[in-house]
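Given only the sequences and the hints, what does the whole structure look like? Please build it.
Sequence order for the protein chains is A and B. In this text, residue positions in the first sequence follow this note's numbering: the first is 1, and each later residue adds one. In this text, residue positions in the second sequence follow this note's numbering: the first is 1001, and each later residue adds one.
Hints are computed from structural coordinates only; laboratory data are not their basis. Warning: the hint list may mix true and false statements.
[What the hints assert, rightly or not] Only some residues are given here: those of chain A computed to face chain B with a beta carbon under 8 Å:
id : residue
1  : H41
2  : S57
3  : G59
4  : A62
5  : A63
6  : G71
7  : E132
8  : R150
9  : L185
10 : E189
11 : N190
12 : I194
13 : G418
14 : I422
[Said to hold, decoys possible] Taking CB as the label site, the calculated pair distances span:
id : chain 1 : residue 1 : chain 2 : residue 2 : range
15 : B       : E1257     : A       : D86       : 38 to 46 Å
16 : B       : T1232     : A       : K358      : 48 to 56 Å
17 : B       : G1027     : A       : R193      : 27 to 35 Å
18 : B       : A1095     : A       : G241      : 30 to 38 Å
19 : B       : T1151     : A       : P304      : 32 to 40 Å
20 : B       : G1359     : A       : R193      : 39 to 47 Å
21 : A       : T251      : B       : A1095     : 37 to 45 Å
22 : B       : T1227     : A       : D86       : 48 to 56 Å
23 : A       : L409      : B       : K1129     : 38 to 46 Å
24 : A       : T240      : B       : R1099     : 40 to 48 Å
25 : B       : K1073     : A       : L392      : 35 to 43 Å
26 : B       : L1385     : A       : E152      : 51 to 59 Å
27 : A       : L392      : B       : N1424     : 25 to 33 Å
28 : A       : K129      : B       : E1320     : 32 to 40 Å
[Said to hold, decoys possible] Which stretches of chain B does chain A cover? Using the computed rule of at least three CB atoms under 8 Å from a CB of chain A, they are:
id : segment
29 : 1035-1044
30 : 1198-1210
31 : 1261-1270
Glycine included, C-beta positions come from ideal geometry on N, C-alpha and C.
Number of protein chains: 2
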Amino acid sequence: MDPHVVIVGGGFGGLYAAKALLKHKPGEPTIRVTLIDRRNHHLFQPLLYQVATAGLSPGNIAAPLRGILRGQKNVQVLMAEVVNLDAPGNAVILADGSRIGYDYLIIATGASHSYFGNDQWAADAPGLKTLEDALEIRRRVLLAYEQAERTEDPAEREALLTFVVIGGGPTGLELAGALGEMAHLTLRENFRRIDPAEAKIILIEGVDRLLPPYPPDLSAKAEEMVTRLGVTVLTKTRVTGVTDRYVTVSTGESTREIPCRTVLWAAGVQASPLGKVVQSQTGAELDRVGRVIVEPDLSVVGFPNLFVIGDLAQFAHGVERPLPGVAPVAMQQGKYVAEVIRERLAGTSPEMFRYHDKGSMATIGRAAAVAQIGRWKLSGYLAWLSWLFIHLLYLAGFDNRMLVFLQWLWNYFTYTRGVRLIVNRGINEPREKGK
Amino acid sequence: MDPHVVIVGGGFGGLYAAKALLKHKPGEPTIRVTLIDRRNHHLFQPLLYQVATAGLSPGNIAAPLRGILRGQKNVQVLMAEVVNLDAPGNAVILADGSRIGYDYLIIATGASHSYFGNDQWAADAPGLKTLEDALEIRRRVLLAYEQAERTEDPAEREALLTFVVIGGGPTGLELAGALGEMAHLTLRENFRRIDPAEAKIILIEGVDRLLPPYPPDLSAKAEEMVTRLGVTVLTKTRVTGVTDRYVTVSTGESTREIPCRTVLWAAGVQASPLGKVVQSQTGAELDRVGRVIVEPDLSVVGFPNLFVIGDLAQFAHGVERPLPGVAPVAMQQGKYVAEVIRERLAGTSPEMFRYHDKGSMATIGRAAAVAQIGRWKLSGYLAWLSWLFIHLLYLAGFDNRMLVFLQWLWNYFTYTRGVRLIVNRGINEPREKGK
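Structural data, given as structure tokens:
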């Protein structure tokens, strides 16, 4: 029987591992691959904020896993949820109780945001991780403008037109920038009683600057650019409470309440629950946010046929600090693990994983981004063009890269965001509480 | 104070009325318009089946009403639900109890499908009227294939791969044709255990042919074309039961059960509930399906400032049979009523409404359609090209007409349907019962 690799999770890590397991040299066995995901699609997460802010459609940034891997006959895609693991018995266990045995297992189920122990904030401050999250955020933002247009109460109107984004990392910056553009450019002339440009967009960050892992001068540039889009940046500000009426913030000694109806959460990291499952089955250590601490070859200590990659893994070998939870790390780890499995089957032993850092970038809005590529630091138009180019490049494998590009061009030149649709619940239906 | 026109409903009728109320001749008063809709978007309904079958994104066929009417300063768009009417007092009443007064009122809230008194079938046989309906149908169809790939039970697999479409009018034909294409072309090579081409698609019609209002030879052509796409057509067949396990059909004397997991409803017409409200307020007559029987100028008898247009109106003056519930009728009635209001304000009296029938067409699939234009009858490739051309033409006013065209071209040449996304509920979550 050909060796069987099970991959759990169809994000960047899992998908790139599956793709890399296609190739085999003459004489090597064909590797059977089963890719399991709860969803039927791969999501191009770096552009998810564009769906949340009505610039792109879900179909532009997500593609069915089966479609992507259509031609790769050795891969079986299964839409199912892995809830447990039998590491000594080499099997994963699905939600319906069935077992799937493996020779090698790759776990790549990623991470989500963390409310730092305040999970009750989730209903009023949704985060951005899935298509459903993005559509819910889009719905709330658009509905707030609709309700502001209808209300007769000036205080209520002001609260409806106050949008709070919590977390000054790349996602928070992207969301706040896009909300600023929406208020000042997209919705111009759309309303008769309110002026969307009067909307307040507040970006809150706990430390003393935006984009903390970036060099301070790029943080300063980012703050300058996002402020120009009409966003108010509050640094050194901690959030101590979130309700459906206001956000409570604390700056040093003083505490105040910001009345608002739309709060978006873009802070914290929390590893997928499969991290804990791996720990209980293998005794592997987890880090503070629940990521599995992996060996130099990305396997779990004592289980050389069990790999954890991407946002669920904490890799700290030969690097100054653990690798960040970004798409390029996951992609490279996916490819690397495929190579490790192939070498093991051939009886050779692979070198340790090394991350090739090609730089990092964050976008803020129209023609505004910051980028760090090696020793180069870019900001403004050129950084934005690089961002655009690189993101389009990596949409490869998506049929609709060209359509996304055209949609972008269209949005850019016409200042529109065409996908301003409110679906699922209307103006008379209350917000759903809890997840 | 400038005269105030309230329009209820932002479909083809309401939107075209609002647009036509922009123009005014020198010396005429500016007409203030309030357009009220429960949703924030206008929906290009003729292409809704493309969203249900994963060919287009919601954003391709829907556009925010505010965006469309952005430049028309005399129009105020309100996202709200009209639940009642005070016809003698010239006011509409919203769900929150507030009243909006009018000088002229245009009601254009359309119609939906009818389960002929079997509303309990709705949960297992969703119809196609809103974006939510389309996304739910897409989800069910895609999930059925996913579950078929996972099940070990051959009878269950067969039921999962049986898709029943009830109603052989244009919508039923479009849905069945698209499901046939999906099974035979789009999903080819996507699965490893099932062959999507083995899916059974069954189209059920009560009378003796598809497309009953069309000439019999076009009905025969349509049946031939849809059969070629792998669809089984059952005519003279009545549906007597729908559950989540099977559809019960009766042909003449015999009755049988078709085991299936996906049933789509494309039969019957039921006017919007505002028809009954109009009746109780004005004493207007309703027809069998609840449409308001209107005067030659589309007003309600005894209320010359209250108009009902589009699918909610039954217009039978100077025509052989009442006008059909299609987009061109609604568009022309919207424009006509705007003209009537302008003439009334000028003190002149308008001629009665006359429908200019430019023909009708139904599409079946790739390069397959039937059309009747005056005495011309077309079928096949040429009819399909006409259908494509006319639908793109009427997407005017939508920013993204070009993008829809490109998406279509892409789908056509690559046989793909890129928007095959399952959102909202996953594979372990049961179907929602009831609406």
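Hint check results:
Look at A:H41: its Cβ gets to within about 5 Å of chain B, closer than 8 Å, so that hint holds up. Using the Cβ-Cβ criterion of 8 Å, the hint placing A:S57 at the interface with chain B is satisfied: the shortest such distance is roughly 4 Å. A cut of 8 Å between beta carbons decides the hint on A:G59: the least distance to chain B is about 4 Å, and the hint holds. A least Cβ separation of about 5 Å between A:A62 and chain B falls short of the 8 Å threshold, and the interface hint therefore holds.
A cut of 8 Å between beta carbons decides the hint on A:A63: the least distance to chain B is about 7 Å, and the hint holds. A hinted interface residue such as A:G71 counts as satisfied when its beta carbon comes closer than 8 Å to some beta carbon of chain B; here the least separation is about 7 Å, so the hint holds. The interface hint given for A:E132 holds, since its Cβ lies 6 Å from the closest Cβ of chain B, which is under the 8 Å cut-off. About 7 Å separates the beta-carbon of A:R150 from the nearest beta-carbon of chain B, less than 8 Å, and the hint is met.
A least Cβ separation of about 12 Å between A:L185 and chain B goes past the 8 Å threshold, and the interface hint is therefore violated. Because the closest C-beta pair between A:E189 and chain B is about 5 Å apart, less than 8 Å, the hint holds. Against a cut-off of 8 Å between C-beta atoms, the interface hint on A:N190 holds, since the closest Cβ of chain B lies about 4 Å away. For A:I194, the interface hint is violated, the least distance from its beta-carbon to any beta-carbon of chain B being 11 Å, above 8 Å.
Here the hint on A:G418 is kept, as its CB sits about 5 Å from the closest CB of chain B, short of 8 Å. The interface hint given for A:I422 is met, as the beta carbon of that residue sits about 5 Å from the closest beta carbon of chain B, less than 8 Å. Between B:E1257 and A:D86 the CB atoms are about 41 Å apart, so this pair conforms to the stated range of 38 to 46 Å. About 54 Å separates the C-beta atoms of B:T1232 and A:K358, a value consistent with the hinted range of 48 to 56 Å.
Distance hint check for B:G1027 and A:R193: the Cβ-Cβ separation is about 29 Å, which falls inside the suggested range of 27 to 35 Å. In this structure the supplied range 30 to 38 Å holds for B:A1095 paired with A:G241, their Cβ-Cβ distance being about 32 Å. Between B:T1151 and A:P304 the C-beta distance comes to about 34 Å, which sits within the given range of 32 to 40 Å. For the pair B:G1359 and A:R193, the beta carbons lie near 43 Å from each other, so the given range of 39 to 47 Å is met.
Take A:T251 and B:A1095: their Cβ atoms lie about 41 Å apart, and the range 37 to 45 Å holds. The hinted range of 48 to 56 Å is satisfied by B:T1227 and A:D86, whose Cβ atoms lie roughly 50 Å apart. A hinted range of 38 to 46 Å is violated for the C-beta pair A:L409 and B:K1129, which are about 33 Å apart. At roughly 43 Å, the beta-carbon separation of A:T240 and B:R1099 lies within the given 40 to 48 Å, and the hint holds.
Checking the proposed 35 to 43 Å range against B:K1073 and A:L392 shows it holds: the Cβ atoms sit about 38 Å from each other. At roughly 52 Å, the beta carbons of B:L1385 and A:E152 sit within the given window of 51 to 59 Å. Our hint of 25 to 33 Å for A:L392 and B:N1424 holds, since their Cβ atoms are close to 29 Å apart. The beta-carbon spacing between A:K129 and B:E1320, approximately 58 Å, falls outside the hinted interval of 32 to 40 Å.
By the rule of at least three residues with a Cβ nearer than 8 Å to a Cβ of chain A, the coverage given for the segment 1035-1044 of chain B holds, with 4 such residues. Proximity of the segment 1198-1210 of chain B to chain A, defined as three or more residues with a beta carbon under 8 Å from a beta carbon of that chain, is not established by the 0 residues found. Remark: the segment 1261-1270 of chain B is not confirmed as covered by chain A, as 0 of its residues place a Cβ nearer than 8 Å to a Cβ of that chain, below the required three.
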